[in-house]
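Residue strings, one per chain:
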Amino acid sequence: MYCITGNPPQHDQVEELWDLKYIGVDGFYATIKYVSESEFSEENLKKNLSDISWVETNAREHIKVISRIMENSTVIPFKFGTIYNSEEGLRKFIRDYSSSLSKNLKSIEGKEEWSVKIYCNYKTLIENTEELSEDVVAIEKQIGESSPGKAYILQRKKDEVIKGEIEKLYKFYSQQFFDELKSLSESYLINNLLPKELTEKIDDMILNVTFFVSKNKVRDFISTTELQMNKNKIYGVTVEATGPWPPFSFISINEK
Amino acid sequence: MQENIYDRNKNITILEVLDRVLNKGVVLTGDIVISVADIDLIYVGVRLLLSSVETMEKLKTAKKTGIIKF
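Sequences listed follow chains V and Z, in order. Mapped onto our numbering, the consecutive letters of the first sequence carry residue numbers 6 to 261. Mapped onto our numbering, the consecutive letters of the second sequence carry residue numbers 28 to 97.
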């Protein structure tokens with residue numbers, strides 16, 4: 006199961022290539038594909054999910070199909086691995102949840118999901134922040150006047166204070182970005198900051214938000230992102246904005 | 028129409044894709060064989076697997092060329 010739309014998806018060669026099928030029920034259209042038990046039975050799917058190249062190929066295909074359909078329609082995307090035993094089961098679901106599906110289609114119409122991840126380079130930030138705070142300056146003065154032993158302890162204290170100051174600056178920059186972008190979006194979802202082991206970057210992630218942006222504001226949204234990034238580049242701030250994604254983060258089907 | 032970013036940016040990380048297709052999107056119960064659940068941990072798994080895939084690739088190349096590059 007890929008997604009549900011409010012109008013029949015347009016057939017084209019690419020969709021034929023993927024062997025997609027459409028099922029229409031009461032004005033809704035589900036985009037589906039028949040899959041084999043050898044790959045997608047509960048047991049085999051679990052096995053395949055531990056095979057990273059299988060996961061990558063299939064996850065990318067899943068999102069590609071939905072993105073393709075999104076070019077011409079408003080889509081409600083489904084999680085990868087949502088599989089029905091029968092077409093009848095799917096039809097029943099659509100009938101049971103039709104009012105929620107309508108509500109969702111209405112609320113996501115004309116909007117795009119954009120992911121914004123902001124990173125900051127600790128070193129660059131320290132180097133380009135002239136006076137971190139009066140506390141640091143005071144400790145530095147003390148260090149200059151102290152014995153080596155005391156100076157060592159004070160140096161450690163200074164490092165701690167700087168760390169705290171950096172945290173504050175991270176908050177300041179991420180808040181600045183967030184406020185600007187929030188004012189251009191309809192809604193947002195704040196995600197967890199990802200550790201470096203996952204991002205595989207030297208910089209720290211300081212903001213991870215998914216925004217829901219009206220199509221007519223997307224241009225503004227992107228240029229604001231770029232403007233903010235250029236303004237704060239000197240402090241080691243970089244931005245990764247990706248989209249438009251299918252509205253995975255802004256749907257909620259939970260009622261009959 | 029706005030150009031779709033996936034088409035011009037092939038560097039969208041698998042992490043970003045998986046975060047959406049596995050962690051978000053409609054989840055249902057009912058007449059469903061399986062809807063991937065409890066998948067948050069895939070992050071960890073993905074990294075481990077990615078590194079082991081890389082290592083395997085390197086070893087495969089090494090077998091062919093006799094050189095291991097890390």
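Since the hints were derived computationally from the structure, they do not count as laboratory data. Be a bit skeptical, because a hint or two may be false.
As the list claims (entries may be wrong) - Below 20 Å or equal to it, Euclidean Cα-Cα: the simulated EDC-like pairs (lysine to aspartate or glutamate) are:
(1) Lys201/V with Glu43/Z
(2) Lys206/V with Glu43/Z
(3) Lys69/V with Glu43/Z
Comparing the hints with the structure gives:
Only pairs whose Cα atoms come within 20 Å are accepted, and lysine 201/V paired with glutamate 43/Z is accepted, the gap being roughly 14 Å. Between lysine 206/V and glutamate 43/Z the CA atoms are separated by roughly 14 Å; this keeps the pair inside 20 Å, and the hint holds. Taking the CA atoms of lysine 69/V and glutamate 43/Z, the gap is near 13 Å; set against the 20 Å cutoff, the hint holds.
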